[in-house]
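With chain A's structure known, arrange chains B and C on it following the hints.
Residue strings, one per chain:
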Amino acid sequence: MPDKITISINGTEIKTEEGKSILSVCKENDIHIPVMCHFPGLTDVGACRLCLCEVKGYNKLLPACTTLVAENMEIQTHTEKLKEYRRVIVEMFFSERNHMCSICVANTNCELQDMATEVGMQHVRFPFLNQECAVDASHPKYVIDHNRCIMCTRCVRVCSEVEGAHNWDVKNRGYNARVISDFDQPWGESETCTSCGKCLNVCPTGALWAKGSVQGKLDKFPEKITDLIEKRGIH
Amino acid sequence: MTQAVADKKGGDVKADPRLKLINAAIKKNKSQPDALIQVLHVAQNMYGYLPMDVVRHITHALRLPPSRVYGVITFYHFFNLNKQGDHTCMVCTGTACYVKGAQAVLDAIADRFGIRPGEVTADESLGLQTARCLGACGLAPAVVIDDRVLGKVAPEQMEKELTF
Amino acid sequence: MNTNELKELSEKIVEEGKAFKKKVCVCCGAGCLSSGSEAVLESMKQTIKDKGLESTVQVIPSGCMGPCNQGPLVKILPEETIYEKLDGDAVEALVDDHIVKDTPQEDKLLFSEYRDKPFVDSREDPFFKRQKRIVLENCGRINPESIEDYIGVNGYQALAYALHRSSPEHIIGEIKLSRLRGRGGAGYPTGFKWETVYRHVADQKYVVCNADEGDPGAFMDRSILEGDPHRVLEGMILAGYAIGATQGYAYIRGEYPAAIKRFEEALKQARKKGFLGRSIMGSDFSFDVEIRIGAGAFVCGEETALLASIEGKRGTPRPRPPYPAESGLWGKPTLINNVETFANIAPIVISGGTAFGEVGTPKSAGTKVFALAGKVQISGLIEVPMGTNLRDIIFEIGGGIPGGHKFKAAQTGGPSGGCIPEQHLDHPVDYESLQELGSIMGSGGLIVMDETSDMVDVARYFMEFCVDESCGKCIPCRVGTKQMFDLLTKIYEGRATDIDLATLEQLAHVVKDTSLCGLGMSAPNPLLSTLRFFKEDYIQHLKDSALANV
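Residue numbers (our numbering), protein chains in the order written: chain A, 74 to 308; chain B, 478 to 641; chain C, 286 to 835.
Just chain A, with the same shape it has in the complex (with noise of 0.2 Å):
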């Protein structure tokens, strides 16, 4: 059995366990974190920075989803300043690619457009970057649109912890960093994706779904993905 720990979470004392990250401890005492990157079930890599907490006695902020809870944690999760800045990140992920939302077909079924609704974004105040990005319907059945990609991996992870497949992978760095498929091939030449469907699932924004899909119709099954993993055990 996990040792029972107490911690303090925006001034409030809780009893949980060892081993558990801050997010979870939050979510189980609806405590809501905002988070992009994360997805139940997959290995957390704190990339999008948005579940960013104060932690007494660390000069730096910690991502909720991959710092562990110790006895004593003094966490502050919606300080003035983390909302500031929870705005700002959500402002560069707006400028970094294309992300008009009317002629998008996630537009009212993405978790972009909703983070900029909770984290009170008003409007994008640096240039936009204008990436001019790649959309390949090489596969019979689905499309990635590189542009609404906001490089959140979550893709990646499924494809390689939940189906095994590991067709998904990043090329380059820094903003040029791209998801590719196996040597960077069309996704329809790629000799490892099983056409399972697992990535349009989790993808938070209208970067990968199937062919057909309408603008504003799109439907996406996370809680699919988090069902699975759970009844497999993964983690």
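Calculated directly from the structure, the hints in this document are not laboratory data.
Treat the hints with caution; some may be incorrect.
30 Å max Cα-Cα, derived DSS-like pairs, lysine-lysine [what the hints assert, rightly or not]:
{"hint": "1", "chain 1": "B", "residue 1": "K637", "chain 2": "C", "residue 2": "K370"}
{"hint": "2", "chain 1": "B", "residue 1": "K629", "chain 2": "C", "residue 2": "K402"}
{"hint": "3", "chain 1": "A", "residue 1": "K154", "chain 2": "C", "residue 2": "K775"}
{"hint": "4", "chain 1": "B", "residue 1": "K507", "chain 2": "C", "residue 2": "K334"}
{"hint": "5", "chain 1": "C", "residue 1": "K306", "chain 2": "C", "residue 2": "K334"}
{"hint": "6", "chain 1": "C", "residue 1": "K617", "chain 2": "A", "residue 2": "K133"}
{"hint": "7", "chain 1": "C", "residue 1": "K461", "chain 2": "A", "residue 2": "K133"}
Output of the computed footprint for chain A on chain C, the stretches with three or more beta carbons under 8 Å from beta carbons of chain A [stated by the list, open to error]:
{"hint": "8", "stretch": "599 to 605"}
{"hint": "9", "stretch": "755 to 761"}
{"hint": "10", "stretch": "765 to 778"}
{"hint": "11", "stretch": "785 to 797"}
Residues from chain A shown here face chain C by an in silico Cβ test under 10 Å; the list is partial [to be verified]:
{"hint": "12", "residue": "G119"}
{"hint": "13", "residue": "E169"}
{"hint": "14", "residue": "N171"}
We put the beta carbon where it would ideally sit given N, CA and C, even for glycine.
Relative to chain A, chains B and C alone:
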């Protein structure tokens, strides 16, 4: 797979000593996926770049997903998927060289040979690269032409140095 | 080889050395090599042979002596005379004058162009006088490719002492006493790090030497590895013994082929002599080291990225905690220190932690190696006690700014550091004081800039570096550095307004506070420090844009 590589090279495997050395490196590392970067180093040393056939061969031998190998190759600046020029000119753009005029050297090369960093001349005779500090700051600005290190170079010197 | 055999061998080597009246060291550091020191070495060997001096004069290739832009250099011991800018043809006359006739060649003495009267004993020269060499004590004096040379200067004595007359706890205690701090940049107390790894119980632990020196303008680690590889190796073996590891990795930058070659040679020699491998020096401690060659990614200097790279993956960092001391290579407790840190270990074990701590300042003990370069008269590799001020380093050791120009800024810490203006030059250099000035100690790059440098351009240069080197994993660094670079370009090109400057500043703070790893967190430092001390440069550009828009 090995055979396929050999076929494209127009001979059998045993005839290409380079591939043999790559296989030796793989064997030395017991085909461990961890050895990917070290094996890629060996391959690039052999060929001067990483031909896709060789990359496929390594991927297969180390039992790695193709996308992971491609991701690693494109992450590191050292690895090249394209054939390089017969000669390489590497201009150091470290801070000391920058302060002492590395940009003017690059401009001079661009003016004369029409290539920017990362490019190869049309006749494939010369490739231009930049390095993030060669650690020869005392010699700033420094340029490496093939294996020759030139220190305190002047932009106007480049035409002569790069005529082979 | 056991302790007694080592002692006997060491005495024998010293005795043999005494048979020579003089020792001629030809610098074969990268700087001197590229200005032709190989020819000088060949010519020197031949001349000594031709003149029948072989039994009295020993000629060796050595590591870096320091003043890199004066090369090729030759140092003659025991009188410590250094000659500069030699070529193969000049050697014979030099041997005739200095060695045969015993009259130094004045016009070829080191710094003869800068000094009214150059020094025959180089230790008297201001360049060397202010230095204190602990890490570099053997650099430029021994043949780095000979383990015998290293043994002749008490090499591997610290290891022998640790294995046979000490204990891991005692070694860690001495390191703690010495107050040595990590020389890679952040300055974490080395002894505490060792103790943390020591305390973690695991079936396997690792020691990693970070030799992925990526800061543009830094070449300390390369020079140490090239000039005294056994010293670094001995430090790694001692670390392995102290924390209970059996395997070490040296992650060396791919751009440093000579360092890789010499370290590889050192490994072979050490294995042969029994300092590496099974049952080291007859003890029950076994340890081996492998080299991993970097492939050109600055971010791999960050410890978690470096570990990913050793595992053959993309060098992307991961959040800490857990720290590598707890979960590092393949999930095992791993000690990561930088080259210079390891090079400090043997002297601490030999002279004791307390004695080591007497050099430097209360908070930063020992010395620091700097790579001095840029707009300074004498550039090269120097080692000074912690707490030496920048003015002394730049104006006394470095001889000031050439060409009648005026000093403007000293840049420390590379793309993670900042620019220090004239008014703060008298600050003693240590971890804390540099941090207060918005810079960092970093690994030791020190670039001097004169008034011809535009600080907006300098900030832009470093930002471009960070854009290029950002791994792309976390959003603040991936997009934030690019946005900051674009804004800096806008300012530089005279197209910006006050609003752009304000946005830039806000972005800088967000990227600093929210990035995943040290690269992103420190990427805004050059920008923030130039904004703090050289705002007039920014304002001038904004004025230019205002005028352009009239």
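How the hints compare with the structure:
As the CA atoms of K637(B) and K370(C) are separated by approximately 24 Å, the hinted pair is consistent with the 30 Å bound. With a CA separation close to 26 Å, the supplied pair K629(B) and K402(C) stays within the 30 Å bound. The straight-line distance between the Cα atoms of K154(A) and K775(C) is roughly 28 Å, inside the 30 Å bound, and the hint therefore holds. Distance restraint check for K507(B) and K334(C): the Cα-Cα separation of roughly 49 Å exceeds the 30 Å cut-off, and the hinted pair is therefore not satisfied.
Between K306(C) and K334(C) the alpha-carbon distance is near 15 Å, which keeps this suggested pair within the 30 Å criterion. Restraint check for K617(C) and K133(A): satisfied, since their Cα atoms lie roughly 25 Å apart, inside the 30 Å limit. Taken as a hint, the K461(C) and K133(A) pair is honoured in the structure, with Cα atoms around 25 Å apart against an allowance of 30 Å. Only residues whose beta carbon comes within less than 8 Å of a beta carbon in chain A count, and the stretch 599 to 605 of chain C has 3; three or more means the coverage holds.
With 7 residues having a beta carbon nearer than 8 Å to a beta carbon of chain A, the stretch 755 to 761 of chain C meets the requirement of three or more and the stated coverage holds. Using a Cβ-Cβ cut-off of 8 Å, 5 residues of the stretch 765 to 778 of chain C lie near chain A, which meets the minimum of three, so the contact claim holds. For the stretch 785 to 797 of chain C, the proposed coverage by chain A is satisfied: 4 residues have a C-beta within less than 8 Å of a C-beta in that chain, meeting the threshold of three. The beta carbon of G119(A) is positioned within 10 Å of a beta carbon in chain C (closest approach about 4 Å), and the interface hint is therefore held.
With 10 Å as the threshold, the beta carbon of E169(A) comes within range of chain C, its nearest partner Cβ sitting at about 5 Å, so the hint holds. Below 10 Å, beta-carbon pairs count as interface contacts, and N171(A) has none with chain C, the closest being about 14 Å; its hint is therefore violated.
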